[in-house]
Amino acid sequence: MNNIIITSAGRRVSLVKAFKKELKVLSPSGKVFVADAEPDLSSAAQVADQSFKLPLLSSNSYITTLLKVCKDHKVKIIIPTIDTELLQLAEHKELFINQNIIPIISSIDLIKICNNKRATNQLFNYKGIKPVEEYTKTHYKLPLFIKPINGSGGVDNHIIKLKNEISTSQLLNTNLMFSKYIDLKYYEEYTCDLYYDKNSYLKCVVPRKRIAIRAGEVSKGVTKKNSLISYIKKHLEVIEGAIGCITIQFFMHKSDQKIYGIEINPRFGGGFPLSYLAGANYPKWIIEEYIFKKDIDAYSDWKNNLLMLRYDEEIIIEEYDD
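Counted the way the UniProt record's numbering counts, the sequence shown spans residues 1 to 322.
Note that these hints are calculated values from the structure, not bench results.
Treat the hints loosely; a few may be bogus.
As the list claims (entries may be wrong) - Listed below are the simulated DSS-like cross-link pairs for lysine-lysine, each with C-alpha atoms no more than 27 Å apart in a straight line:
id, residue 1, residue 2
1, K203, K224
2, K254, K141
3, K254, K224
4, K141, K163
5, K203, K17
6, K71, K93
7, K185, K130
8, K198, K234
9, K198, K294
10, K31, K294
11, K112, K198
12, K258, K225
13, K198, K284
14, K180, K161
15, K163, K185
16, K294, K21
17, K24, K53
18, K93, K284
Please put together the full structure from these sequences, using the hints given.
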């Protein structure tokens, strides 16, 4: 059986549906499962072929429970979806591979870099990409942007316009970075979905312009075939240790096209469904590459100017007993 499990799926309904659709074509008997700490309260779990409850990521039994689920249900591929599970899975990757289960996950070293905004800036510099300038807490220019060195989803991000808006706790907190503020009057923000094959070679780039954001995730976006594609191919043809979908954010100036690297997430981003619907079929390529051992060709024939407008939809479960 060629089964797939998507971990910490939460609200990733579109991602689950995409894998189900592609697996049905390539392996009709295959199933797409979801694993979550609260599958009964996960909308993605309701559209999966089956769901399984896992301990919290902080539990010592998380990995052993996931491994047992995968072995019992003949899972071939694991698709992680949130930052906090990546390092655990990467550290135990060989444990799964020894059971012929493949976590689609980048190297430990790359994940550690991506989990640290300062280390990510160093990687951008190494690759010839200019990161947003970081200030010291004694020498800075206003306005500025404060964000955690280790953080995701826009939590604890602050725009500071006046000096008296900076709190003592922000000055003393060593996990906060003070950075140059990039004004969106002059810059556009892009999330780019990159696909890297098992040898860490870049096969596809889809820039998505972020039009509106809700809770750190794109709610309105549009695909753009622009200069970011050639720029990324030039600087990021290879990222050592990169596997599968890598999501990278950039600022690009509206007139002179100056580019800043912002952050790297070595996983599917929340806005990936737009790239998929545009024709960048990463779920299919993962199945082909890791289950059917096919080589993946470079791909650029996805739809330009495809607009995504998101909305909430209800899943109703009758006779629910909490």
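Right, here's what the structure says about each hint:
no., hint, in the structure
1, K203 with K224, "holds, 17 Å"
2, K254 with K141, "holds, 22 Å"
3, K254 with K224, "holds, 13 Å"
4, K141 with K163, "holds, 10 Å"
5, K203 with K17, "holds, 23 Å"
6, K71 with K93, "holds, 14 Å"
7, K185 with K130, "holds, 20 Å"
8, K198 with K234, "holds, 19 Å"
9, K198 with K294, "holds, 11 Å"
10, K31 with K294, "holds, 20 Å"
11, K112 with K198, "holds, 19 Å"
12, K258 with K225, "holds, 16 Å"
13, K198 with K284, "holds, 14 Å"
14, K180 with K161, "holds, 11 Å"
15, K163 with K185, "holds, 22 Å"
16, K294 with K21, "holds, 19 Å"
17, K24 with K53, "holds, 24 Å"
18, K93 with K284, "holds, 22 Å"
In summary, this structure violates none of the numbered hints.
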